[in-house]
Amino acid sequence: MFGDKGKSARNGTNTVETLIGPRVTIRGDITFSGGLYVEGKIIGKVIAEDGSAAVLTVAEQGQIEGEVRTPIAVIAGQLHGEVYASERIELAANARVHGNIHYKIVEMAAGAMITGRLIHADAPVAQLLGPIEPEVAA
0 MFGDKGKSAR NGTNTVETLI GPRVTIRGDI TFSGGLYVEG KIIGKVIAED
50 GSAAVLTVAE QGQIEGEVRT PIAVIAGQLH GEVYASERIE LAANARVHGN
100 IHYKIVEMAA GAMITGRLIH ADAPVAQLLG PIEPEVAA
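Residue 92 in numbering that gives the first Met the number 0 sits at position 93 of the sequence shown, and the numbers go up by one each step.
Honestly, the hints are just simulated from the structure, not real lab data. Each hint should be verified, as a subset may be incorrect.
20 Å max Cα-Cα, derived DMTMM-like pairs, lysine to aspartate or glutamate [claimed, not checked]: (1) Lys44 to Glu66; (2) Lys40 to Glu66; (3) Lys44 to Glu86; (4) Lys103 to Glu48; (5) Lys44 to Asp28; (6) Lys44 to Glu81; (7) Lys40 to Glu64; (8) Lys40 to Asp28; (9) Lys40 to Glu16; (10) Lys103 to Glu81; (11) Lys40 to Glu86; (12) Lys44 to Glu64; (13) Lys103 to Glu59; (14) Lys103 to Asp49; (15) Lys40 to Glu59; (16) Lys40 to Glu81; (17) Lys103 to Asp121; (18) Lys103 to Glu86.
Note that the structure is predicted; figures quoted are calculated from it, not measured.
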């Protein structure tokens, strides 16, 4: 599952089309489809094209600082920002996520850390906001 660079989270075929190497830092937003494998650092949004079968993989040494929107995310490195995984998110033991994770299915290994909330895609908004305090008349 984790550490299988080039393997699709869906069917095990080689789907990595874009590799961001360990000595690369990208400042700016990225739109992608297919497989995106991050060993370096991205400072900006990482957004999968609508309707694409996209898979984002962040390696152990990889980092993203910004919002992420993708059907499938496999995180083994660091991510600072909101994550929207419309299908599934997999968190490896070394994953460090600082931000809320919006997911349909989550797989989390022992040792993974999240500083934020896990929010299921089907959760009602009222449940996310918590109880509303009644106003007190003076």
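Hints and how they fare:
Restraint check for Lys44 and Glu66: the C-alpha separation of about 5 Å stays at or below 20 Å, so the hint holds. Between Lys40 and Glu66 the alpha-carbon distance is near 13 Å, which keeps this suggested pair within the 20 Å criterion. Taking the CA atoms of Lys44 and Glu86, the gap is about 19 Å. The hint holds against a cut of 20 Å. Using a Cα cut-off of 20 Å, the hinted pair Lys103 and Glu48 holds, with the two alpha carbons roughly 18 Å apart.
Between Lys44 and Asp28 the alpha-carbon distance is near 5 Å, which keeps this suggested pair within the 20 Å criterion. The hinted pair formed by Lys44 and Glu81 meets the criterion: a straight-line CA distance of about 10 Å does not exceed 20 Å. Under the criterion of a C-alpha separation no larger than 20 Å, the hint pairing Lys40 with Glu64 is consistent with the structure, at around 8 Å. A threshold of 20 Å between alpha carbons decides the hint, and for Lys40 with Asp28 the separation of about 12 Å falls inside it, so the pair holds.
The suggested pairing of Lys40 with Glu16 holds, with an alpha-carbon distance near 17 Å, which does not exceed 20 Å. A hinted pair counts as satisfied when its Cα atoms are at most 20 Å apart, and Lys103 with Glu81 qualifies at roughly 15 Å. Taken as a hint, the Lys40 and Glu86 pair is broken in the structure, with Cα atoms around 24 Å apart against an allowance of 20 Å. Distance check on the hinted pair: Lys44 and Glu64 sit about 8 Å apart at the alpha-carbon level, within 20 Å; holds.
For a cut-off of 20 Å, the pair hint linking Lys103 to Glu59 is broken: about 23 Å separates their Cα positions. Among the hinted pairs, Lys103 with Asp49 is consistent with the structure: their alpha-carbon atoms are about 17 Å apart, no more than 20 Å. For the proposed pair Lys40 and Glu59, the alpha carbon gap of about 11 Å is at most 20 Å, so the pair holds. With a CA separation close to 16 Å, the supplied pair Lys40 and Glu81 stays within the 20 Å bound.
Distance restraint check for Lys103 and Asp121: the Cα-Cα separation of roughly 8 Å lies within the 20 Å cut-off, and the hinted pair is therefore satisfied. The hinted pair formed by Lys103 and Glu86 meets the criterion: a straight-line CA distance of about 5 Å does not exceed 20 Å.
In this structure, the earlier hints numbered 11, 13 are contradicted, and the remaining ones agree with it.
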